[in-house]
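Asks: Here is how the chains run, residue by residue.
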Amino acid sequence: MVSYLKAELKKFLTNPKTLLVLVLLPLLFTFIMGGVYVKTYLYDIPLVVLDSDNSSLSRTIVGEFASNPYFKVIGYVQSYRELEELVQAREAYAGLVIPEDFAKDVKEGKAPKSLFIVDGTNLVIGNNALARGAEILNTFTAGTQLKVLQSQGMVPVMAEKTVQSFSFLDRILYDPRLSYIGYLFVGILGIFVQQTYLAVMVPELVTEKEELAGQGGLTKIAVKSFVKGVLSFVTFAVCLFLASSVFNLPVRGELGYVLVLVAIFIFNLTVPALLISAFTRDVLKGSQICMFLSVPTLLTAGYVWPEYMMPEPLIIGVKLFWPLIYYAGPARDVLVKGVPFHVIWPYVWQGLLYGIIWIPLAVAIYKKRLQVSQE
Amino acid sequence: MNFSKNKFILAMIFLIPLLVSLLLGYQFQGSRIKNIPTAIIDLDNSSLSRSIVSEIKANEIFAVKHYAGSYHQLQRLIHENKACVGVVIPEDFSKDLKEYKAPKVLVLYDGSQMAVTSAAKARMSEILLTLKTAFVIKTMEGKLNLPPAKALNRALPMSFEIRTVNNPTRNYGNFLIPGMIIALIQVGLAMAGVGLVDGDGNKSFPLLIKNLVYGFLGSLAVFLALGVLYLFFNIPYTGTLPGGILITYVYVTAVVALGIAVGTIIPSRLFATQVAAILVLPSSILGGYTWPLLAMPAGYQVFGNLLPFTHYAEVLRDLTLKNIGMEYVTGDLLWLVKFTFVMWGITVFVSILKRFFKSENTRKGGALLSKSNT
Numbered sequence: 423m424v425s426y427l428k429a430e431l432k433k434f435l436t437n438p439k440t441l442l443v444l445v446l447l448p449l450l451f452t453f454i455m456g457g458v459y460v461k462t463y464l465y466d467i468p469l470v471v472l473d474s475d476n477s478s479l480s481r482t483i484v485g486e487f488a489s490n491p492y493f494k495v496i497g498y499v500q501s502y503r504e505l506e507e508l509v510q511a512r513e514a515y516a517g518l519v520i521p522e523d524f525a526k527d528v529k530e531g532k533a534p535k536s537l538f539i540v541d542g543t544n545l546v547i548g549n550n551a552l553a554r555g556a557e558i559l560n561t562f563t564a565g566t567q568l569k570v571l572q573s574q575g576m577v578p579v580m581a582e583k584t585v586q587s588f589s590f591l592d593r594i595l596y597d598p599r600l601s602y603i604g605y606l607f608v609g610i611l612g613i614f615v616q617q618t619y620l621a622v623m624v625p626e627l628v629t630e631k632e633e634l635a636g637q638g639g640l641t642k643i644a645v646k647s648f649v650k651g652v653l654s655f656v657t658f659a660v661c662l663f664l665a666s667s668v669f670n671l672p673v674r675g676e677l678g679y680v681l682v683l684v685a686i687f688i689f690n691l692t693v694p695a696l697l698i699s700a701f702t703r704d705v706l707k708g709s710q711i712c713m714f715l716s717v718p719t720l721l722t723a724g725y726v727w728p729e730y731m732m733p734e735p736l737i738i739g740v741k742l743f744w745p746l747i748y749y750a751g752p753a754r755d756v757l758v759k760g761v762p763f764h765v766i767w768p769y770v771w772q773g774l775l776y777g778i779i780w781i782p783l784a785v786a787i788y789k790k791r792l793q794v795s796q797e
Numbered sequence: 002m003n004f005s006k007n008k009f010i011l012a013m014i015f016l017i018p019l020l021v022s023l024l025l026g027y028q029f030q031g032s033r034i035k036n037i038p039t040a041i042i043d044l045d046n047s048s049l050s051r052s053i054v055s056e057i058k059a060n061e062i063f064a065v066k067h068y069a070g071s072y073h074q075l076q077r078l079i080h081e082n083k084a085c086v087g088v089v090i091p092e093d094f095s096k097d098l099k100e101y102k103a104p105k106v107l108v109l110y111d112g113s114q115m116a117v118t119s120a121a122k123a124r125m126s127e128i129l130l131t132l133k134t135a136f137v138i139k140t141m142e143g144k145l146n147l148p149p150a151k152a153l154n155r156a157l158p159m160s161f162e163i164r165t166v167n168n169p170t171r172n173y174g175n176f177l178i179p180g181m182i183i184a185l186i187q188v189g190l191a192m193a194g195v196g197l198v199d200g201d202g203n204k205s206f207p208l209l210i211k212n213l214v215y216g217f218l219g220s221l222a223v224f225l226a227l228g229v230l231y232l233f234f235n236i237p238y239t240g241t242l243p244g245g246i247l248i249t250y251v252y253v254t255a256v257v258a259l260g261i262a263v264g265t266i267i268p269s270r271l272f273a274t275q276v277a278a279i280l281v282l283p284s285s286i287l288g289g290y291t292w293p294l295l296a297m298p299a300g301y302q303v304f305g306n307l308l309p310f311t312h313y314a315e316v317l318r319d320l321t322l323k324n325i326g327m328e329y330v331t332g333d334l335l336w337l338v339k340f341t342f343v344m345w346g347i348t349v350f351v352s353i354l355k356r357f358f359k360s361e362n363t364r365k366g367g368a369l370l371s372k373s374n375t
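Chains as they are written, first to last, in the working numbering: chain A, 423 to 797; chain B, 2 to 375.
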């Protein structure tokens, strides 16, 4: 075993490509991702204004939006049709529509209605536009309510208290900025590790099938997985460190727990590596399958779309076949929420169970497939 | 036509996106955020506090599952993933309200669940507005002796309707799925492009024909995968159909052309396949499909606009959700055509270089041979 280990390690020196893929690519992607999400807040949402009233009141409302950093007024139009065209063309993602006689109707107690339009095609922009827009409008409405009450003869102090009445105090726990990097990073890093590990393991398992399915094959497979696994693990740790120190990745919990989760994950990746290699004779095809898997595995790991909203049979199916689900969600919970160990414990033991049951099975399938194809 | 060589990848291009469509359609069904596990503590237990609780319960977004006894318990529920939202109505809430002491209801959100928290916050602020308006109306009826209709107008001197257009139910499936399918399929297309190139170099004209044919096949695969979503999972299609078909064809051709270019530059089939895949894989992030380009630093915006994905995926999403015609599509369509030409320019240029060096080597080898023979 030791001599095989030495041979494997020597391979890295003669063929640096493996090292490049396992180590450099995840690092590169970490840098790139960090840059993408470096701005925590979504500022300058393009807004178009249709002010048919043009009174000092309507101009005040418009002014509230214009001076707000979350919005950027990109145009003033004369008709709803023009507004619509700008939204359809993705030049604006929000619109403010103030009807004719707005100020007059307010004075006469006719309670006129204005419209704030939010484009729902990109929900990241849409949700932000809605939240920020609602804030501005509610504040403005409250201010106007105050004036109306006072004009009705209510004492200012009383009016203020009536309008204020009560409020909801929002507290966003853990990641108050609701940063995308906190939400996405540790899952996407898991995908980088998954893809690079598979990209180097599968070609070797396919080309060296005869050697590995034969005598002493299990030891050799174990050595291969171990060496690559350790490299992936170390790379992961470095990327995590980089993200937290340079790119504002929130870290509230025990990094040790995340490392445990990713170690189990990398260990379990041997299973899909073996299964894919078992059924492909051609390295190219094996690589192609691996590349195809990145998107679907991320989307079904209970990470982007929370587990409680996934249909039960799907959760079971995913847990049976792909180990990412035992890593992604709980890793984020540890990092962003700082959950205690007993919360991630189910994922830990289920992840280990996956490996314990599947690895012998996958090795058996791998060997059997070689026999079948030789006959 | 090289179909047999590429049979595998072609099958993958048709099969895998189709399966993933079925999978995502199934997973995202009912994909408005709803039934968010919510925990409430009512330390006031007045008729007013109970009406707040029932207002929250009545809302389909919140699934009130827990009634905690203490703030500490509430925090623990959120910490242990048993609730995503927590509401605390303090003691003496009703009393403080009547005495105009401006009491506060505390709402806790799980900040690690971005999608859920955004939806919950939006809905909570609507509920708050409804409750506050009701309170102001009552006060006006009481203090100012106004009849209900007038009180309503005074309480709400103006109102703002917030209308979400194009995806009015704020359905996450509509937002995410088309782009995710394209992100997936383009990996296969790029790899197929590589597969079209013979390591030794091809004649350009047949290669071009193959590119165009693959453009056709790839488009079929896209229509199949998206068709499934349309037929079975209520993903709409609202815009111009001819425009959609045309831009799909051009996009697919562009990505295959990218694969061909990579395959021409890199001699090793395996390495070229991996490079081509890696070039297109991060597109869904770098193209601003979710976190938008306008929120990225300037350099990223420039780079993002160089990706074919950026000029197709959002257009596709727009076509599913917006009632738009051809004129909204032409800009990106032309960009994709230009991109294809650039890819072809690279392919032809590199092919010529390769053939030049090859013939140089053959000539030199021949010269050496004849020298040694004399």
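Check the hints yourself; a few may be wrong.
As the list claims (entries may be wrong) - Straight-line distance between alpha carbons at most 30 Å, and here's what the computed DSSO-like set of lysine-lysine pairs gives: (1) B:Lys99 to B:Lys83; (2) A:Lys642 to A:Lys741; (3) A:Lys532 to B:Lys8; (4) B:Lys151 to A:Lys439; (5) B:Lys151 to A:Lys707; (6) A:Lys583 to B:Lys66; (7) A:Lys569 to A:Lys583.
Hints are computed from structural coordinates only; laboratory data are not their basis.
Note that the structure is predicted; figures quoted are calculated from it, not measured.
Asks: Tell me, which hint numbers fail for this structure?
Replies: Failing hints, ascending: 1, 3, 4, 5 and 6.
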